[in-house]
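At position 562 of the sequence shown the residue is numbered 589 (this note's numbering), and the sequence of numbers has no breaks.
None of these hints come from the bench; they were simulated from the model.
Source: prediction; values computed, not measured.
Warning: the hint list may mix true and false statements.
To be verified - Using C-beta positions, here's what the derived DEER-type ranges look like:
#1 Arg228 / Gly164: 49 to 59 Å
#2 Tyr635 / Asp713: 22 to 32 Å
#3 Pro521 / Asp689: 45 to 55 Å
C-beta: ideal position from N, C-alpha, C; glycine also.
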Amino acid sequence: MTSPSRKSRKEWGAWRRRALALLAFGIAAPTYADQYRSEVRELPNVPAQVEQKSSEALLKSTTDPYAKTLILRDLAVQAAQGKDYAKAARYLEQALAQKAVSGIAADQMRDQLSELYLASGDFQKLLPQLEAQVRAGKAKPEILVALGSAYLQNKRYKDAVPLLQRAIAATDKVDPSWRRALAAALIGAGQEREALPQLERLLQEDPSQREDWLRLAALQLKFGDKTRAAAAMELAGRMGFLTTPEQWLQLVTLTAQLGAPFEAGSLLQAKMEQGQVPRNGDNWKLLSSLWLAAREDALALPALDQAIRAAPSALLYQQRAQLHMDREEYAEAARALEAAIERGARDANTLMALGMARYQQADVDGALEAFREAQKQPQARKLAGEWVKYLDSGKAREQALAAAAQRPQHDDDDIRLSARLSGDAVNVDAPAVGQRGGGASTVAVGGLTPIGADAGANADGSIPAWTGGIRKAEWPSGFVKGQRLKNPYAADKPLFTITAANVSRYRDFLSQGHQTLLAKYPSFRMPVYPTRRSVAYPQAIYDASQANIGRSKLLGSDALSGARLGVPFPKPQTGVEVMWNHRTRYRGDTYSAQSTQAVVGAGRDPQYLKQTERVYFRYSNLSDPVDLAKKNILLYYLTWFGKTRNEVDFVALVHETANSLDSARGIWVIPPKIPRMFRIPPVGYDQPFPGSEGLMFIDMIDMYNGAFDRYVWKLVGKREMYLPYNAYRLIDGSFRYADLLQSHHLNPDAMRYERHRVWIIEATERGGKKHSFGKRTFYVDEDSWNIVLVENEDHSGQLWRFQEGNLIAQYDVPAANTAPTVTYDFKEGRYFVNRLSAEDDPPEFDKSMRDNDFLPAVVKGKYAH
Numbered sequence: 028m029t030s031p032s033r034k035s036r037k038e039w040g041a042w043r044r045r046a047l048a049l050l051a052f053g054i055a056a057p058t059y060a061d062q063y064r065s066e067v068r069e070l071p072n073v074p075a076q077v078e079q080k081s082s083e084a085l086l087k088s089t090t091d092p093y094a095k096t097l098i099l100r101d102l103a104v105q106a107a108q109g110k111d112y113a114k115a116a117r118y119l120e121q122a123l124a125q126k127a128v129s130g131i132a133a134d135q136m137r138d139q140l141s142e143l144y145l146a147s148g149d150f151q152k153l154l155p156q157l158e159a160q161v162r163a164g165k166a167k168p169e170i171l172v173a174l175g176s177a178y179l180q181n182k183r184y185k186d187a188v189p190l191l192q193r194a195i196a197a198t199d200k201v202d203p204s205w206r207r208a209l210a211a212a213l214i215g216a217g218q219e220r221e222a223l224p225q226l227e228r229l230l231q232e233d234p235s236q237r238e239d240w241l242r243l244a245a246l247q248l249k250f251g252d253k254t255r256a257a258a259a260m261e262l263a264g265r266m267g268f269l270t271t272p273e274q275w276l277q278l279v280t281l282t283a284q285l286g287a288p289f290e291a292g293s294l295l296q297a298k299m300e301q302g303q304v305p306r307n308g309d310n311w312k313l314l315s316s317l318w319l320a321a322r323e324d325a326l327a328l329p330a331l332d333q334a335i336r337a338a339p340s341a342l343l344y345q346q347r348a349q350l351h352m353d354r355e356e357y358a359e360a361a362r363a364l365e366a367a368i369e370r371g372a373r374d375a376n377t378l379m380a381l382g383m384a385r386y387q388q389a390d391v392d393g394a395l396e397a398f399r400e401a402q403k404q405p406q407a408r409k410l411a412g413e414w415v416k417y418l419d420s421g422k423a424r425e426q427a428l429a430a431a432a433q434r435p436q437h438d439d440d441d442i443r444l445s446a447r448l449s450g451d452a453v454n455v456d457a458p459a460v461g462q463r464g465g466g467a468s469t470v471a472v473g474g475l476t477p478i479g480a481d482a483g484a485n486a487d488g489s490i491p492a493w494t495g496g497i498r499k500a501e502w503p504s505g506f507v508k509g510q511r512l513k514n515p516y517a518a519d520k521p522l523f524t525i526t527a528a529n530v531s532r533y534r535d536f537l538s539q540g541h542q543t544l545l546a547k548y549p550s551f552r553m554p555v556y557p558t559r560r561s562v563a564y565p566q567a568i569y570d571a572s573q574a575n576i577g578r579s580k581l582l583g584s585d586a587l588s589g590a591r592l593g594v595p596f597p598k599p600q601t602g603v604e605v606m607w608n609h610r611t612r613y614r615g616d617t618y619s620a621q622s623t624q625a626v627v628g629a630g631r632d633p634q635y636l637k638q639t640e641r642v643y644f645r646y647s648n649l650s651d652p653v654d655l656a657k658k659n660i661l662l663y664y665l666t667w668f669g670k671t672r673n674e675v676d677f678v679a680l681v682h683e684t685a686n687s688l689d690s691a692r693g694i695w696v697i698p699p700k701i702p703r704m705f706r707i708p709p710v711g712y713d714q715p716f717p718g719s720e721g722l723m724f725i726d727m728i729d730m731y732n733g734a735f736d737r738y739v740w741k742l743v744g745k746r747e748m749y750l751p752y753n754a755y756r757l758i759d760g761s762f763r764y765a766d767l768l769q770s771h772h773l774n775p776d777a778m779r780y781e782r783h784r785v786w787i788i789e790a791t792e793r794g795g796k797k798h799s800f801g802k803r804t805f806y807v808d809e810d811s812w813n814i815v816l817v818e819n820e821d822h823s824g825q826l827w828r829f830q831e832g833n834l835i836a837q838y839d840v841p842a843a844n845t846a847p848t849v850t851y852d853f854k855e856g857r858y859f860v861n862r863l864s865a866e867d868d869p870p871e872f873d874k875s876m877r878d879n880d881f882l883p884a885v886v887k888g889k890y891a892h
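Turn these sequences into a full structure, and let the hints steer you where they fit.
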């Protein structure tokens, strides 16, 4: 990105010469001469010559403001002649501060000061002075440009944009460098579409800069305007800007920097095949990195192979091994890891990976060798030792062979590369990968479902393959959309029941929270049913999720960019990416419901409270998905509480944003019996949830919501676990609340547990941040991105509160959510349950809602009385 601070020497030289000329001739100007004669007595005769004092000495000896003004101006001239423009500007600032001249003279001095600011070119040093002039409201366009340039250098793009726009609007003949600066600021601020017309206008006025042509083509490419991008490239080529490999590589790099790695990779591969870019090791490495950034593993592999042939290294072999591991191609992964080790990569991670790759091929002896080598290194001693112990048992070989036999094989498909900048389309033979853009379907792609779950069955078949979830043909007999959901699996019977007596048999598949419930309460038990992969989403969500691959990114843990409508990160690489998938998951365009919550325990009857919720989802909205680049909003949320169905006690309004760096969530409340609305700071975290008697915090709503800044988020991996799943008996009216809410836990007769795969995220308290929970472990369902279980520990590492969300596939939407959710407090022996719905009306989805319904003034007028 080109900054105005890099203007040509010619441009800066013109400003400097103009500033120096103004200063040098300014003292003799008629305005100053007239003012001098009117205010100072002139002597009729020339006095005898006396020794001249320096200007610095005169400045120290005089107290007259007008004299100081003239001396300071003289010092400014001397500094400007010495090309110390910053010093000259400081002298003029002091001269103006004397307030000894006024009117036209002062205005001329301010003009000279403006020229000096521009002449200095080092806007960072003059930032306070520039800001002061702009605040005073007397800044000329040149000053606006100077301050905008300073902000641009500091990456304060959003601050730079309005200043540069004002300067351009106030000038008849705009310097091309000003428009170039505005385009750079708009791109930096994420307003690429607004930058396009500026670049087009700039190239009409000054077509001499290659970077401008490349930036224009890259932006047009990013927005899918193939015709304009090709035209820009043709014109750039005619002007000789795209003739060398370096120039093509510059376009490739710029395209990737603008967030289009797939297009950049397509362009680079085409140019390498056409011979316009060398097929050397560096370029093969660049190509593989672009395909990796685009999450196109199948295209990255051949590029990595070429890079290895050109310049083999341990790092390249490790990257190749990781790609094969991700694709469950364990023989190839093992060979790559062995090659990396031969080249010196004998670290614990590489040895552990080799052990895993060999084990997955049922090469138990080879795996033992690798794990024993890893066991010699302190950081892997414990884990490697556990693997050695397991492999030495008699079960390992049989289980490995069974898993290998059921592993799906990858077929070869063609991937069609982008031809937006390179001409004709290119087909590349490669193993199947997830389809891009609108090509996604309800069938699995590349071994994953369209939203990123493992599509296949597990090793023993207890988790079946995903077949698309519950479809309309599979709805329960007699069910009509909008009714209370019926149980589609009512005929299922438990396979077995986990109790305190047999928990050791199933411990490997149980959360610590469930193990604690079993140990603490003899009445608690877990009936385990056949696994039903019931979750389905609309086709538009599948398509958008695939399109988000390589496009979505996080500018910070709480700043999402580039994503649209679907799952932002179907192939997550970090814990925060998994949590964003939960935050943005599809739950219908709108949601409206009244439910019941209750505090249970402490030897008293349950304490009930009604909660009404209205949610207008703006990001995950099929009818009108928001463009996050234009509107920073995820959803609008309005809720109120009351002891009865029609009572309105406490009201809260939330505007949840996608980028808290730009603007944090907005929250307004109407307290009980106070007819006023108050805007409050963005609360959350460990603030108590209304009506929970402190058992649940605000950030435990929806299992987790709100900012991620108080924790460090670690993606641990995936695991098979028993989860509360397809819990239709909790909502279909089979159990009244009085029967459901037992003294220490929900009635086990109403529960249903199934074996599913989950993502595991560990959140540990970030240094300098404080929260009541020191560590939290989240278990996220792979088929829906719903958080289903959470273990919350205190600062001593003791499990304190355990959240259990009963997952429901809302097949008539289709979507999925957890309801009811339960928070067990193991210290107090109480629990809190919310979103009970069996005795309330069923929730309504996709009711008409508008942004205006969630304006603070509208909510205030309706409820603050």
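Here is what the structure says about each hint:
1. In this structure, Arg228 and Gly164 break the distance hint of 49 to 59 Å, their C-beta atoms being roughly 28 Å apart.
2. Checking the proposed 22 to 32 Å range against Tyr635 and Asp713 shows it holds: the Cβ atoms sit about 24 Å from each other.
3. One distance hint, 45 to 55 Å for the beta-carbon pair Pro521 and Asp689, holds here, with the actual separation near 50 Å.
Of the hints listed earlier, the one the structure fails to meet is number 1.
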